Amino acid sequence: MRDGLRFQKGDILAIGLVLVLAVFAFCLFLPENEKGTRVEIYRDGVLAESLPLWEEREITLEGDYTSVITLRDGRVAVTSSDCPGEDCVASGWIDRAGRSIVCLPNGVEVRVVGDSDVDFVVG
Amino acid sequence: MSKAKQIALCAVMVALALVLSYTERFIPLQMLVPLPGVKLGLANIVTLVALYRLSPKHAFLILVPRCILGAAFGGGLTGLLFSLVGGLLALGVMTIAKGIKFFSVYGVSILGAAAHNLGQILTSMVLMQSVYVGAYLPYFLAVAIFTGFATGAACGGILRVLQGVKL
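First to last, the protein sequences are chains A and B.
Here the first sequence stands for residues 1 to 123, where the numbers follow this note's numbering.
Here the second sequence stands for residues 1 to 167, where the numbers follow this note's numbering.
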């Protein structure tokens with residue numbers, strides 16, 4: 001019975017469409033498999049700090065919430081934050097160029113960049 | 001349907017959507033899929049049912065108060081922007097997809113979930129003023145296939161039960 005309330009063949013097309021879009025988006029944002037050299041910290045889209053990835057440092061950012069960014073062993077992570085959800089902390093450690101950790105509630109983006117990176121920011 | 005009944009029905013569905021979006025915070029989907037802010041999108045079931053049994057206009061009138069109240073109960077202004085952009089884009093896509101006989105409620109729901117996630121990524125790109133956030137897009141689209149299927153199945157079940165019920 002085809003009443004539009006049960007899975008039907010056409011729905012495979014919907015799945016296919018979303019998959020194609022996902023693959024397209026994946027290719028568009030293909031992560032460069034190159035180790036990053038610098039860390040850039042953005043606050044509300046504005047570059048606040050730029051430091052070499054090999055530094056050993058802990059940076060505390062005070063905003064709407066307090067986030068602690070840790071640089072250690074050539075990697076960077078948001079190690080603690082009192083923002084709701086703590087998605088930034090859950091993102092873990094990153095060290096590849098082009099990868100970033102985002103904390104939306106606090107308006108913070110921690111981005112790893114490489115030497116060959118062309119830095120482009122919209123807005 | 002009388003005006004009073006329409007208002008009452010929409011109000012009940014707003015309440016239902018709010019409870020669903022509150023409840024889903026306790027489902028630890030993030031443990032399974034480690035993506036920031038990943039959700040099942042249970043409130044979309046209400047939008048879908050409204051779209052099928054009422055009209056796109058009614059679905060809109062349920063969606064907007066739901067987003068505003070959801071922001072008031074927690075989520076804040078950024079939360080409002082996220083749910084509104086995602087929700088409206090999803091409603092638009094689902095309205096179009098529903099018109100295509102090819103798709104059952106499953107297909108409509110999957111496309112809606114994908115549109116919702118796309119809207120949220122676009123919002124965060126604008127808010128963060130960064131295109132890098134877009135790197136999450138493929139993963140969120142892939143997740144939308146599963147969450148959209150799940151909410152589509154729930155909605156299909158509800159609509160089948162409601163088939164004999166006169167609203």
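Bear in mind the hints are in silico, worked out from the structure with no lab data behind them.
Because the structure is a prediction, the values reported are computed rather than measured.
Cβ coordinates follow ideal geometry from the N, Cα and C atoms, glycine included.
Among the hints, a few may not be true.
Cβ-to-Cβ under 8 Å is the rule here; a few derived chain A residues that face chain B [what the hints assert, rightly or not]: (1) V18; (2) A22; (3) F26; (4) T37; (5) E40; (6) Y42; (7) R43; (8) P52; (9) D82; (10) C83.
Exercise. Close enough to count: is the Cβ of A:C83 nearer than 8 Å to one in chain B?
Worked result: violated (11 Å)
For this session: Using 8 Å as the Cβ threshold, decide whether A:V18 counts as touching chain B.
Result: holds (4 Å)
For this session: Verify the interface restraint on A:A22: the C-beta must sit less than 8 Å from at least one C-beta of chain B.
Result: This hint holds: A:A22 lies near chain B, its Cβ roughly 4 Å from the closest one there, short of 8 Å.
Exercise. If you take the shortest Cβ to Cβ gap from A:R43 to chain B, is it below 8 Å?
Worked result: Violated - the Cβ of A:R43 stays beyond 8 Å from chain B, reaching only about 10 Å at its closest.
Exercise. Does A:F26 meet its interface restraint, that is, does its C-beta lie within less than 8 Å of any C-beta in chain B?
Worked result: holds (4 Å)
Problem set entry | Minimum beta-carbon distance criterion (8 Å), A:Y42 to chain B | holds (7 Å)
Exercise. Is the interface hint for A:D82 satisfied, with its Cβ closer than 8 Å to some Cβ of chain B?
Worked result: Hint on A:D82: violated, closest Cβ of chain B at ~15 Å, above 8 Å.
Exercise. Against chain B, with CB atoms and a cut of 8 Å, does the hint on A:E40 hold up?
Worked result: violated (10 Å)
Exercise. With a cut-off of 8 Å, does the beta carbon of A:T37 approach a beta carbon of chain B closely enough for the hint to hold?
Worked result: violated (16 Å)
Exercise. Given A:P52 was flagged as interface, is its beta-carbon under 8 Å from a beta-carbon of chain B?
Worked result: violated (19 Å)
Violated hints, in rising order: 4, 5, 7, 8, 9, 10; the structure is consistent with all others.
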